[in-house]
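Asker: Sequence:
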Amino acid sequence: MTWRMPPYDAAALEIERHVRATYQIHGMVIAGSIVRGEAGPMSDLDVFIVHAEPWRLRDQRRFCGVPAELFVNPPDRIRGYFKSEHEEGRPGTAHMLTTGELLAGADEVALTLVREAHDWMVRPLEVTDAMLTSKRYMIVDGLDDARDAMPHDPAAAMLLLATCVRQTVGYAFWQRGLQQPRRKDLTRSLAAIDPAAAELLRKFATTSGDAALRIAIAFARHTLGVDSFFEWTSERS
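Here our numbering is used: the first residue of the sequence shown is 1, the next is one more, and so on.
Just so you know, these hints were derived from the structure itself, not from any lab.
Just to be clear, a hint being listed does not mean it is correct.
Simulated crosslink set (DSSO-like; lysine-lysine; CA at most 27 angstroms straight-line) [as the list claims (entries may be wrong)]:
no., residue 1, residue 2
1, Lys184, Lys135
2, Lys203, Lys184
3, Lys83, Lys135
4, Lys184, Lys83
5, Lys203, Lys135
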């Protein structure tokens, strides 16, 4: 089933006209949940533009009523994104270039970048024991702060807990050498690799106060194997 149905078909044509009239492009890709057939009511079109100028730009506007985000970048910046996002476990740029629609007329520069994006998407993550230990420590340090804050500032404690729980979800993927899931897919993606952890996440999302603290601690213990301060020495750098 094609995504080029009203109003997206007209929006895509208007986007292409605008981009070709505005930038010196090597090629452009229209991507995002709409193109993948996973759109929600607030979804927009992601438009990744490879251009021949040395600067980068982000532009958000509507085309035929459809919201769109335009990412304008030169090739060297894009290759930098491939590397840095891979190191972060969040290959957003490579994902857009491999799951989106490359519009007709792309030159060899753009075609080469799409091929490189496919290579980056299957490249294994570099995960070390030292990295995982550091991540565990940062999470439980936040949990200890939340423990201290809960009696006198529950609002601050809940913000700390939310950060810790989100980082714990991320750790579940790091320890398995998996890329980080999209924000909207966190619970579903976690359930696919650790159903028990996903259930704790669901419970945390519906509680507050001391109950939320207990669940966050249980989540950390389940996923990290620790839930409070532990002795640790980092590598020299």
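Asker: Now look at each hint and say whether the structure bears it out.
Answerer: Here is what the structure says about each hint:
1. Lys184 - Lys135: Within the cut-off at roughly 22 angstroms; holds.
2. Lys203 - Lys184: Holds, at roughly 17 angstroms.
3. Lys83 - Lys135: 20 angstroms, holds
4. Lys184 - Lys83: Cα-Cα ~24 angstroms, so holds.
5. Lys203 - Lys135: Holds: Lys203 and Lys135 sit about 23 angstroms apart, inside 27 angstroms.
Comparing the model with each numbered hint stated earlier shows that all of them hold.
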